[in-house]
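Guided by the hints, dock chain C onto chain S, whose structure is given.
Which chain is which? The protein sequence lines are S and C, in order. If you're matching positions, the first sequence starts at 1 in this note's numbering and goes up one per residue. If you're matching positions, the second sequence starts at 1 in this note's numbering and goes up one per residue.
Please note that the accuracy of each hint is not assured.
To be verified - Which residues of chain C face chain S? A few of them, derived with a C-beta cut under 10 Å, are:
#: 1; residue: M27
#: 2; residue: I34
#: 3; residue: A58
#: 4; residue: G59
#: 5; residue: L136
#: 6; residue: W145
#: 7; residue: L152
#: 8; residue: S156
#: 9; residue: F165
Because the hints were derived from the structure by calculation, they are not lab data. By construction, the Cβ of each residue, glycine as well, lies at the ideal position given by its N, Cα and C atoms.
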Amino acid sequence: MKARRRLTMDSPELNLVPLLDMVSLLIQLLLINAQFGVFAEVGAALGAPSSAPGEGLQLQIHVNGAGFTASWQDKDGRMQRQLPCAGPCGPVESYDLAGLAALAAELDQQHPDDQVVQLRLDAEVPFELTARVMDAMRGPGDRAFPDVVLGGP
Amino acid sequence: MSHRSPFAKARAKRREMPMVELSLAAMVDMMINILIFLLHLYGRGAMVTQPSDDLQLAGSTATAPLALTVTIVVSRVSIAVDSTPVLDLVSGDGPSRLPDGVVDHGAIAGLTDAIARDLQQQRAGKPAQDTAPEVLVQMDKRTPWSVLGPVLRSASAAGVDNYRFIVSSETAERDAPDLRR
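One chain only, chain S, in its complex shape (with noise of 0.2 Å):
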């Protein structure tokens, strides 16, 4: 008789509808609210512009309106190499960039134990110049120059 009582009883069943419908609003809420963008960080310290002589490559990069002027401590001396714009500076893309980067690999084959540069920036100097400045002398995988001291002229 138990046993007959069971058998006739129903099996409970979940409501979901009410889950499916704060589901279905929580996905609608963050896709509308979505911004795809990925966010980093790039670190960098602050310092003085010194002309002082040291030891290492002590790398500069100096930006202006004009383009990117490198210079560095080589055994013969002082060197500096001139990257101007292809034609007028203006917009970041103006900048010899690939230069820079190039310049940059170059420098730390030679000297693949010096990882500080010292970026001199001119007043006018946007900041997203100097993020791709950044980029150029870090090269890829953060191998090349990755230490960024900022600077004025």
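Then chain C, alone, in the frame of chain S:
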């Protein structure tokens, strides 16, 4: 002769048909997967302030994840420390600039005080750490060095010499599937 309703046959046929139950399991699985994906996406680049027209982040190939600390936000119109406005910038059609007379010995006095206060608040009640304090700088990409320099020197005057700039990671974006299309 029996009097039958014209719909009786159809009603009887409907009664005979088995009740079709919608299987919701697959749909729930899919929705939960989407929810997990979205929550993961949100958790990856958590930011207190969302970029706006006045705060467009610079693009970069950097991929280091964000860590929360004292945050200085420099938009085209103002400078804020941890969401508290400190100084309004002069912004027109060109790049923004600092108002006249706010820079003293290369630093902005009000900003130095605000950063020092914030650092003190963050250190309060926590054990002394060996690591040097750092600030996270969220900066509009059009901001010139004439603004960035005094901001960094102000942080330096408050005892912070290491800065981390928040950038829009192009490498991670390039590797991620483009959901906007």
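Hints versus structure:
1. With a cut of 10 Å, the hint placing M27/C at the interface with chain S holds, because the nearest CB-to-CB distance is about 7 Å.
2. At about 6 Å, the closest approach between the beta carbon of I34/C and any beta carbon in chain S falls short of 10 Å, and the interface hint on this residue holds.
3. The interface hint given for A58/C is met, as the beta carbon of that residue sits about 4 Å from the closest beta carbon of chain S, less than 10 Å.
4. Because the closest C-beta pair between G59/C and chain S is about 7 Å apart, less than 10 Å, the hint holds.
5. A cut of 10 Å between beta carbons decides the hint on L136/C: the least distance to chain S is about 7 Å, and the hint holds.
6. A cut of 10 Å between beta carbons decides the hint on W145/C: the least distance to chain S is about 4 Å, and the hint holds.
7. Interface hint status for L152/C: upheld, as the beta-carbon distance to the closest one in chain S is roughly 5 Å, under 10 Å.
8. Interface hint at S156/C: satisfied, since its Cβ lies 5 Å from the closest Cβ of chain S, which is below the 10 Å cut-off.
9. For F165/C, the interface hint holds, since its Cβ comes within 10 Å of a Cβ in chain S; the closest pair sits about 5 Å apart.
The structure shown violates none of the earlier numbered hints.
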